[in-house]
Every structure is written in C-alpha cells, then in structure tokens.
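S.K.: Given next are the chains, with one letter for each unit.
Number of protein chains: 2
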Amino acid sequence: MLTNSEENYLKEIYNLEEYFNTEINTNLIAKKIDAKASSVTDMLKKLANKDLLIYQKYKGVKLNTNGKKKALSVIRKHRLWETFLVEKLDFNWDEVHDIAEELEHIRSEKLTNHLDAFLNFPVVDPHGHPIPNKEGDFKKMETICLSNLGIKQEGVLVGVKNSSDTFLRFLSNKNISIGCKIKVVHKEEFDNSLSINIGNNQFNISENVANNLYLKK
Amino acid sequence: MLTNSEENYLKEIYNLEEYFNTEINTNLIAKKIDAKASSVTDMLKKLANKDLLIYQKYKGVKLNTNGKKKALSVIRKHRLWETFLVEKLDFNWDEVHDIAEELEHIRSEKLTNHLDAFLNFPVVDPHGHPIPNKEGDFKKMETICLSNLGIKQEGVLVGVKNSSDTFLRFLSNKNISIGCKIKVVHKEEFDNSLSINIGNNQFNISENVANNLYLKK
DNA sequence: ACTAATATTTAGACTAGCCTAAAAATATTT
DNA sequence: AAATATTTTTAGGCTAGTCTAAATATTAGT
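Those protein sequences? They're chains V and U, same order as listed. 251 is the number that this note's numbering gives to position 213 of the first sequence; each next residue is one higher, with no gaps. 193 is the number that this note's numbering gives to position 155 of the second sequence; each next residue is one higher, with no gaps.
Since the hints were derived computationally from the structure, they do not count as laboratory data. None of the values given here were measured: they were computed from a predicted structure. Incorrect hints may appear among the rest.
Stated by the list, open to error - Here's a subset of chain U near chain V, in silico, CB distances under 10 Å, partners left out:
#1 Met39
#2 Asp128
#3 Phe129
#4 Asp132
#5 Asp136
#6 Glu140
#7 Arg145
#8 His152
#9 Ala155
#10 Phe156
#11 Ile169
#12 Ile216
#13 Asn250
Beta carbons: idealized from backbone N, C-alpha and C, even for Gly.
Full structure from sequences and hints, please.
M.R.: Put into structure tokens, the structure is as follows:
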C-alpha cells in the first residue's frame, strides 16, 4: 500500500519522464513536488526499496514497470475526477486541479471503475489529456504544437500542456477552449509570437503560450 | 485547518454524544477510533487547544459549538458521498462506508455544495441518517425503535443505527431494506426476540437486531 | 473509609515526511 | 587538469500521530 506522498512522487516522476524523455534528476523532482532535494533523496531510496523505480546515487531515477503502473493508476483517477467535476458538477476547467489532487488518492478500485462507467469511459480529461483505462493503456493522440504550425495553417485545439489555474484562466479570458479552430495568420520572426484567428477574432499570443497549445490538424 | 485525524476525532465524538447523550470518556473514544487511550488523551488536549471541545483531565470531553460545526461538516460530506455512491455509482448500502471515510476529508466546500445540488439536496443517506445542510442544520426524524413497538403494531423502516458492513449485509440477506413495512407478530418474554412480518415473510430477529432498526409509524 | 479495580494521564519512544547545514560527488570553466 | 560551481547525499533534527509502560486519579466493593 502506498501513502499519498509516495503516490505523488510516482505521479510527478512519471509526468517528468513523459515531458523530458530522459532520466529524471533529484532537483527536477524537488521543484515539481515543492520539497527540498534532501527530502527527495529520502523518498527515492524508499521507493527504490519498494521496487517502484531504479535509483542510483547521483545518477537520477527511472520508474520501473511496477512504478509506472502505480503512477498511471493515480493519473487515471486524477483525470477521471477532473472529468466528473467539469461534466457533472459544473466546475470550470481551471478550478478542478487542486480538488483532483486530493481525490486521486482515494483507494477503492471499484469506485474508480464505476466512476469511469458513470462518465461513459471518457478518453480525455477537460484539458485534453488522455485518460488511461483500467489496464493503464491509453493512446497518444497525434497532435502538433501550435508553435510548430506554419503560416495559414490551422487546427482544432485538443489539449493544453500546462494546466495551471493561471494559464487556463488566461485562455478562458481570451475565449480559447478545447475544440476551438485556430489558424495561424502571422508569425513574428523577432520573438516567435503569433497572430492567430479564432472564429472572427484575431489575437496576438506569445511563443510561450503557443508552446502550451496542442492541435489536431 | 484540521488534519484528517482531527476530523475523525470530532466526528466520532459527535456521534458518541448523539448516542449516549452524556459527556464522553477517553476509553469510549479509544474504542471508536481504534486507538489506545493514551493517544486519545494527546489528541483531546490538542483539540481543546484549538478551541474545538471542552476537556478536563479525568472528566471526559464535550464538543463546543465550534467543534460541533466541524463535526457536522464532516458528517455532511460523509453522508452526501454515501448517497452519491449508492444513487449514481450503483453501490450497495453495505459497500459505501469505508470509501466515504476517505471522501469525507476532501476539503473543497464548493465541491460539497455542488455534489449536494447534483444529488438534489437529499435529506437522508442510504442508511436513513439525516444529512445536514450547508448550515449544518437537519431535522431529527420522529422515529421509534423496533424494540419499542408493541405486538401487532407496525411501521416503515426508515433508518439503521448500526451501519457496519456486517449488519447491513445481514439485513440485505434477509431482504430487509429502508422502506420495508415491518409488523411485530410476537415478542418473546424470555430474550426479547421478535417475530416480525415483512411482506409475506415471517422472521425471528434478536433483540440486538431490533435495537438497531428505526421505524416511522 | 480503606482497598482493589478500573480509567486516565504522563513519559518516553517510534515512524513518516519533511527540514537545514555540512559533506561528497559530479559538472563546468578557465 | 585544476579550480570553481552545482548537484546530490548524509547527518541530525522537528512535528504529527501513534505506541508501551509506568504513574496517578477515580470509582466500586467490602
């Protein structure tokens, strides 16, 4: 049985591995978890002892099959609860993250699976992130980052990379949401900012924003 | 902000006060919480310091207004989640207690209130226990314990006192559920066991069982 | 009212998860 | 390749919540 804290470490390490595609180092985890590096070292030893990841002093860390499975179970719960909150309880997509951080640790597997069924087995959460099924499987969507789109190209927004409250609120304020058709009108050489078209509106967005939006062509 | 453990103590103390209608002593709490008396003493001091209850060494304990409010908030969440599990996720009434023990500690008030609305503001949970509203108010149902019913009298089962898995499963096996019409056919002087009638069936139940069933006449 | 039994509290210890500060390893710069 | 900077680990400490064992209060029995 894992503690909430252990589950959080596994989840964040999984997310970092997805993001960076390399061995994950102590400081990176510390930043994500918002703890000191020394605390992370302690926990990594503990998780290695529990056969959830491979840890070599000074060499970073990598989840093993076991650890990946646990991480995916937490992520599954997180995303199902987010979906529940938005679809059934009328929450906005920028309000659900912190609550899901608590709900993701509820232990009953039966609960998770019944919730999944109740929601009609959703495949993506309100931020466009894939929801693993009971077995931990999910398919990676073929998407392209808005910043990689050429001039005059367009696509439908299917996911956001960063799902912090502040970023999501920024998008909401500009009326940008999952399902929007986005067209690149102009790209500024100088700072890689973009002029984009959504419906009848035209905006300017920074490269940073564009890096966090994923489209389907 | 209260920890899960503090919330559990407040909840159990509240339940004990309801049940016994007297000051609650250390050992009683220890049994309910499944901890040692010494651990209970520690926690009582802590809760008294936080101005949640009145504690005098060797004299037992009593929740103050503050503590009662917190206890009721936990109880509200517990009972709303139980209702959700039974009504929306197809759980049986004997499967929901342990899961609700975890869910009752999820902190968001907005979540609780949206859940309440989603369930259409239920006033009792699946075991017939009243659900406090946002303000912590609920009305005590006028009920009579089955063991206080006279021969040939009858009523509708509206609540169970004990809602342990084992008791609820016992009732399910005998097809006794909330809403059943129960009639007392015979009362055994010797051990206060009862012959009761439900629909076309006649059973014998012990005094202990009768003590845990509440009816509306 | 004294003694015995029971209930409660205190004292001291343990674990998980965090911390700070110092030491050690690794990486980078010159 | 030596010196410096950065990263990581170790050592030791803290808090919450638990425990056991011993000490102290209260209650009950004679």
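S.K.: Give a verdict on every hint.
M.R.: Checked hints:
1. Taking 10 Å as the C-beta contact cut-off toward chain V, the hint placing Met39(U) at the interface is violated, the least distance being around 13 Å.
2. A cut of 10 Å between beta carbons decides the hint on Asp128(U): the least distance to chain V is about 6 Å, and the hint holds.
3. Interface restraint check: Phe129(U) against chain V, minimum CB-CB distance 7 Å, threshold 10 Å, status holds.
4. With 10 Å as the threshold, the beta carbon of Asp132(U) stays out of range of chain V, its nearest partner Cβ sitting at about 13 Å, so the hint is violated.
5. For Asp136(U), the interface hint holds, since its Cβ comes within 10 Å of a Cβ in chain V; the closest pair sits about 8 Å apart.
6. Taking 10 Å as the C-beta contact cut-off toward chain V, the hint placing Glu140(U) at the interface holds, the least distance being around 5 Å.
7. The beta carbon of Arg145(U) is positioned within 10 Å of a beta carbon in chain V (closest approach about 7 Å), and the interface hint is therefore held.
8. Among the interface hints, the one on His152(U) holds; its C-beta lies about 4 Å from the nearest C-beta in chain V, closer than the 10 Å criterion.
9. Here the hint on Ala155(U) is kept, as its CB sits about 8 Å from the closest CB of chain V, short of 10 Å.
10. Taking 10 Å as the C-beta contact cut-off toward chain V, the hint placing Phe156(U) at the interface holds, the least distance being around 6 Å.
11. At a threshold of 10 Å, the smallest CB-CB gap from Ile169(U) to chain V is about 17 Å, leaving the interface hint violated.
12. Because the beta carbon of Ile216(U) sits about 21 Å from the nearest beta carbon in chain V, more than 10 Å, this interface hint is broken.
13. At a threshold of 10 Å, the smallest CB-CB gap from Asn250(U) to chain V is about 26 Å, leaving the interface hint violated.
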